[in-house]
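We have chain V; now place chains B and L with the ligands onto it with these hints.
Residue strings, one per chain:
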Amino acid sequence: MLEALLVMALGSVILGGALGYASVKFRVEGDPLVEKIDAILPQTQCGQCGFPGCKPYAEAIARGEADINCCPPGGEDGIHKLADLLGREFKPLSGEHGIEKPKSIAVIDEQTCIGCTLCIQACPVDAIVGAAKQMHTVIASQCTGCELCLAPCPVNCIAMVPIPETIDNWKWKYPVFDVRKAA
Amino acid sequence: MPSNSPFLRQPASVQSVMLKVLVALLPGIAMYVWFFGWAVLIQISLASVTALAAEAAMLAARRKPVRHFLTDGSALVTAWLIALSLPSIVPWWLTVLAVLIAIVVAKHLYGGLGQNPFNPAMVAFAAMIVAYPQFMSQWPAAGATDLATQINAIFGQRQLDAMVMATPLDTLRTALHTSGLNATVESVLANKTTYGFLGGKGWELVALGYLIGGLWLVQQRVITWQIPAAFIVAFGGIAGLTHLIDSAQFAGAGFHLFSGGAMLGAFFIATDPVSASTTPRGKLIYAAGIALIDWVIRVYGAYPDGIAFSTLLMNICVPLIDKSTQPPVFGHKEKRP
Amino acid sequence: MRQLFSFTGGVKPASHKIESNRGVVIVAPLPNVLVVPLRQNAGLPSRPLVQAGDKVLKGQTIAGPGGSISVAIHAPTSGTVRGIETHAIPHPSGLLAPCVVIEADGEDRWIDRKPIDPYALPADELRARLRDAGVVGLGGAAFPSFVKTQHGPTQRIDTLIVNGAECEPFITCDDLLMRTQAGQILEGAAVLAHIAGAQRVVVGIEDNKPEAVAAMTAAAGKRSGLPVEVIAVPTRYPAGGEKQLIRVLTGIEVPFGKLPPDYGVQCFNVATAYATARALLHGEPMISRLVTVTGNVERPGNFEVRIGMPIADLVALAGPKADTDRNLMGGPMMGFALPTLDAPVVKATNCILAASKALFPPPGPEMPCIRCGACARACPMDLQPFEMYWFSRAKILGKAQEYHLFDCIECGCCAYVCPSRIPLVDYYRFAKSEIRAREKEKDAADVARLRYEFRLEREERDKQEKAAKLAAKAAETKARLAEAGDADDKKAMIAAAVARTQEQKAEENPSAE
Ligand code: SF4
Ligand code: SF4
Ligand code: SF4
Ligand code: SF4
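Chains as they are written, first to last, in my numbering: chain V, 1 to 183; chain B, 1 to 337; chain L, 1 to 513.
Please note that the accuracy of each hint is not assured.
As the list claims (entries may be wrong) - Label pairs and their calculated CB-CB ranges: (1) L:K399 with V:K101: 26 to 36 Å; (2) B:P91 with L:K12: 48 to 58 Å; (3) V:K101 with L:P115: 52 to 62 Å; (4) V:E165 with B:P319: 31 to 41 Å; (5) V:D109 with L:A42: 31 to 41 Å; (6) V:D67 with B:P91: 50 to 60 Å; (7) B:V23 with L:E402: 32 to 42 Å; (8) V:N169 with L:I26: 32 to 42 Å; (9) L:K12 with V:D84: 35 to 45 Å; (10) V:F90 with B:I245: 53 to 63 Å; (11) B:I151 with L:P234: 50 to 60 Å; (12) V:F90 with B:I151: 54 to 64 Å.
Said to hold, decoys possible - Not close to chain B: a few residues of chain L, all C-beta gaps over 12 Å, as computed: (13) I18; (14) G83; (15) L96; (16) R113; (17) T180; (18) T235; (19) A437; (20) K440.
Since the hints were derived computationally from the structure, they do not count as laboratory data. By construction, the Cβ of each residue, glycine as well, lies at the ideal position given by its N, Cα and C atoms.
Here chain V stands alone, though its shape is the one from the complex:
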């Protein structure tokens, strides 16, 4: 019996050592937390989380005032990352802030646009160019897809268009691991 006890004791010592080592080695630096949270947020700046932009949401999370599952553009992936960073449980996206959608960008129908500049004022990342009374255009590479420009447009000429799959953004798919099918 002594043997068994010895084994258990030794085991726990080793395990304890391993855990200690791991906690030292993989410790999360706690300080510039807001920056780290902000770095995970998708910077769509859409305000769907209920805060005026990603940074304020990051600050709210850091203060513990907001949950981690309020950002639809970041999706489940983003929540996983936040959960990892903060050492919290993963939870699915809370429905009240919206759902995860395929990434889209805004396109202005240039025939209809009356050049009112309202969308320019709404765009958080200055992705729309154009001067008063001239037709406006979205710079596709800079549009984050936040949809904030849709509502202000008086003639409804802005539409969200999903980004199509091209050779440039094509990705290898996750391999299907289906033993049953194979067998």
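For chains B and L with the ligands alone, kept in the frame of chain V given last:
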């Protein structure tokens, strides 16, 4: 045909790997039968049937394709290893229980093939030796091969006195630990009828059988040389060294390596890929660790052989060992990651 | 004799080279319509220079380099441009991409070809010519060759390695090229060495190609000047991987994140050297190449094919067998299954391999990883494939990267040996492209953050400017008040202010009057 490259595959399979392991066990088993009778074959069949049944039941319960996994042979390897490490005349229910623990608890509750951090056979062995020490020390005596008595021992009334014998390891330990006896290794081992030439009559040839099968596995690239080599060098080294220092108290390398589960451990137990270390340097550390702990248990511990405990202990350390012995990657050789 | 080194791991699959190795080049007939993709090189796609209806000559530039890592593309024959259409290209995704479609006129009339004396021109000029001749690496990666001849200030290229190893099973086009064009290959290699400033050329050929070794050695013996060594290297896949060949020939290991010129070497495929010779010494841009068609076909062989020829037509020349279930581009270890045979032959097409169940039997059901380590022993990059697999499968991508995911060259050795038949490389490809996509997303997010912060700042500044103006006004009023001193004046001031406000209101809102 696979949907992506590489489209060519070597015709290797888990099944063929496991089959080779079983084949490699045969020389040792043959020796076992020769010296200790047919009982071990009864135990092996018993263990195999139990293992396959338990495996099938667990696969079905876990909703895995039964036939697909059942034929991989891994359950059989576990079963055989259990049957070979238990005394061959333990009662049938003990073997069955051990196999159930191995397959159900140590394997499937941890997630099945490839997921178990502990060597299932050794988990079972350790559990048995803690729970039923009395049965686990009753080994058949060399030459006591009468089938009827053995069957009786396994399935019926246990009338053991005539055929039972403690293992050489056990007797040696008892002799040395009993104060007042003034036994020395030399005086104990002088009894050649018990101790044979190296590691106990009969047992040394069983170990030789394992050694031969194991070397074949290395040659077949089923296992790598690191684990057996490190195991033998470390075990032989510490035994030889202590024997040099105090030959009265410590048995030599030959005795230790050819008795008990040393050879089985070196080539078949420590090399279980799932629970062993995987990096080349890690394997050396891992196997040397098992050998050293086993030696300590043999010499100072309460059990005659400690291969199970030492394997389990080192299983715990595997993630740490692997993490810190990552081999340098191509082109990154100067600085170790 | 050069001391050879070796790399760890590697595998020895059956080579299947004899089938297609008939020692002759079969010139494929000119197709009626050629589809020339604008994206044929690694880097940026080319920029089209022609429109529908344009008449083009064979070898005429139809697309210019679309960036600094990009090359020109040429009309493979004379004819009329039907247009720039989206068309299937050989890519694992099966997605369409813009291609210049040319209807051949059958005359196959060349442009005016202008051979040059490369040794009389500066290296930069030669690089520009290589680029404008569309020369890219023909071993499969199609990386613009002119870029590879450059090196930064801290880099150098002493040794130019010519890769004739051709380690992939089934493929024999380089073998045949070496047997038939050894002299031209070495001419091209010498020119590349000249451009790169290399002092010696080392040709590495797997020793399962004795004829090629003999031909190249003979050709090297006839040359003078630049020292050329032809070395037979042991046959073991992937000896023809760039990193592995450099290692075998020089002992240098080029890690991920570094380039061969960081270590004084550079590596070109034999076909690339040949294309260089054609381009500079004969004025013929890159419009055709040798393609091995083999596998499940009646008449496997090597074909000289124009870029843009539909792969279906090419396979038809070799007599495909009925039980072919799909066609691969490249070899069986690193190639990919073509989603459609509509796609044309491109510069990177070294082999079309017709596959059947008999040729590539299904590997049997996948099992869980048993951590047997066979993959690690086979990995030529000294990686721990099962660890990378574990983390890629669990989508813990950061961890996979810690286990050097990006050092993986996707050679397939690990999956080849895995007794559990896990498609390991699929997981690495997935993890890599996922990581790359996320990095892109992250970059985009960083830009968005900057732009958002900039906007906030601007709004803040505007606000402050307004506030400053207001404050200035208030101060002014105060000062005047102080000047006025007594209470009467103060009253007067207030009255005046009230009047002014009313006036303002009236101005702003004339209808209220
Ligand atoms: S919901 Fe919109 S504003 Fe809020 S964090 Fe997500 S992307 Fe940023
Ligand atoms: S263009 Fe519209 S959708 Fe795009 S970032 Fe600006 S406001 Fe958002
Ligand atoms: S070869 Fe396959 S089963 Fe073996 S360790 Fe590698 S991935 Fe796992
Ligand atoms: S595919 Fe990658 S991990 Fe697998 S053997 Fe090749 S280099 Fe190693």
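Would you pick out the hints that fail for this structure and give their numbers low to high?
-> Hints that this structure does not satisfy do not exist here, as all of them hold.
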